[in-house]
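Participant: Residue numbers (my numbering), protein chains in the order written: chain A, 1 to 129; chain B, 1001 to 1117.
Because the hints were derived from the structure by calculation, they are not lab data.
Among the hints, a few may not be true.
No farther apart than 25 Å at their CA atoms in a straight line, the calculated lysine to any residue pairs in the SDA-like style are these [said to hold, decoys possible]:
{"id": "1", "chain 1": "B", "residue 1": "K1074", "chain 2": "A", "residue 2": "V72"}
{"id": "2", "chain 1": "B", "residue 1": "K1074", "chain 2": "A", "residue 2": "M88"}
{"id": "3", "chain 1": "A", "residue 1": "K36", "chain 2": "B", "residue 2": "L1093"}
{"id": "4", "chain 1": "A", "residue 1": "K84", "chain 2": "B", "residue 2": "N1031"}
{"id": "5", "chain 1": "A", "residue 1": "K84", "chain 2": "B", "residue 2": "K1074"}
{"id": "6", "chain 1": "A", "residue 1": "K84", "chain 2": "A", "residue 2": "Y55"}
{"id": "7", "chain 1": "A", "residue 1": "K36", "chain 2": "B", "residue 2": "K1074"}
{"id": "8", "chain 1": "A", "residue 1": "K84", "chain 2": "B", "residue 2": "E1037"}
{"id": "9", "chain 1": "B", "residue 1": "K1074", "chain 2": "A", "residue 2": "T87"}
{"id": "10", "chain 1": "A", "residue 1": "K84", "chain 2": "B", "residue 2": "P1032"}
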Amino acid sequence: MFTSTMRSLFSALCFLAAAWLASAAAAQQGDPDKGKVIAYTCNGCHGIPFQQNVYPTYSVPRIGGQNYGYIVSSLQAYREGTRKHATMNAQAHTLSDEDIHDVAAYFVSLAPEDAPSEGAENAAEGSAP
Amino acid sequence: MISTHHPRTMLTTLAFLLALLGAHSAAAAGNPQRGLEKSTVCQSCHGVDGNLSLQDDYPKLGGQHYDYLVHALKAYRSGDRENAIMAGFASGLSDQDIEDLAAWYASQDGLVDLSVD
């Protein structure tokens, strides 16, 4: 009886661990479809070709195809205020971690089919001894 | 118009406008080839064309807007944008270096605008 209790406890723990791992993995990889809905607002500045930031004046950065981790860390830094930009601080303030991951997944999905990085990666691998 | 009555005013205005134009084109006058030559340090983290990032939380630079790259590098250099790694690299760059590097990465394929649909 003792061993069977132990065994079921062990299974329960395994199940919990698996569930936790699965949810952690989900948090790591956002949902691009949900991200696309959230990113509707982003299009107002990042979707207009040559849209200008003012004071100071410069083009709003291109973010289609940007790296997942960079989008996540940028939005979190804007939300926490460690990276400063009035509009982006305000926008990021409305986003949960899950929103940020979803948006990042959507931006990554916009990478051109023949992403130059693929070629560069292959070239780098090819030149490795 | 005032200028038709005062040729000197017109000339001054013209000179001023030309100066503005000059300043504007100077602002967009990075040399991509020089940028490539100066980018050897950048390449180790961002790749030759700016699209091969050493870590996923480093940005792609290929195809980014020229003036945004200039703005970002100057912000790293001044400390307005805080990043220990980039501050170290940007502190050694002149305005000309920054413009050349920006011209190189902006001329590469890579990032795209979000599409409104």
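Participant: Within a Cα-Cα threshold of 25 Å, do B:K1074 and A:V72 meet the stated pairing?
Facilitator: With a Cα-Cα distance of about 23 Å, the restraint between B:K1074 and A:V72 holds, given a limit of 25 Å.
Participant: Taking only the CA atoms, is the gap from A:K84 to A:Y55 under or equal to 25 Å?
Facilitator: At roughly 13 Å apart (the allowed maximum being 25 Å), A:Y55 and A:K84 satisfy the hint.
Participant: Can the restraint linking A:K36 and B:K1074 be considered satisfied, given a maximum Cα separation of 25 Å?
Facilitator: violated (32 Å)
Participant: Regarding the pair A:K84 and B:P1032, is the alpha-carbon distance no greater than 25 Å?
Facilitator: Violated, at about 29 Å.
Participant: Are the Cα positions of A:K84 and B:K1074 separated by 25 Å at most?
Facilitator: Measuring from Cα to Cα gives roughly 14 Å; hence the hint holds.
Participant: Compare the distance between the alpha carbons of B:K1074 and A:M88 with 25 Å, and conclude whether the hinted pair is satisfied.
Facilitator: The given pair, whose Cα atoms are some 19 Å apart, holds under the 25 Å limit.
Participant: Given the hinted pair A:K36 and B:L1093, is their Cα-Cα distance within 25 Å?
Facilitator: violated (38 Å)
Participant: Has the given pair, A:K84 with B:E1037, been kept, meaning a C-alpha gap of at most 25 Å?
Facilitator: Between A:K84 and B:E1037 the Cα gap is close to 31 Å, so the pair fails against 25 Å, i.e. violated.
Participant: Do the alpha carbons of A:K84 and B:N1031 lie within 25 Å of each other, as the hint requires?
Facilitator: violated (29 Å)
Participant: Assess, step by step, whether the Cα of B:K1074 is no farther than 25 Å from the Cα of A:T87, and give holds or violated.
Facilitator: Between B:K1074 and A:T87 the Cα gap is close to 20 Å, so the pair holds against 25 Å.
In the structure shown, a violation is registered for the earlier hints numbered 3, 4, 7, 8, 10, in ascending order.
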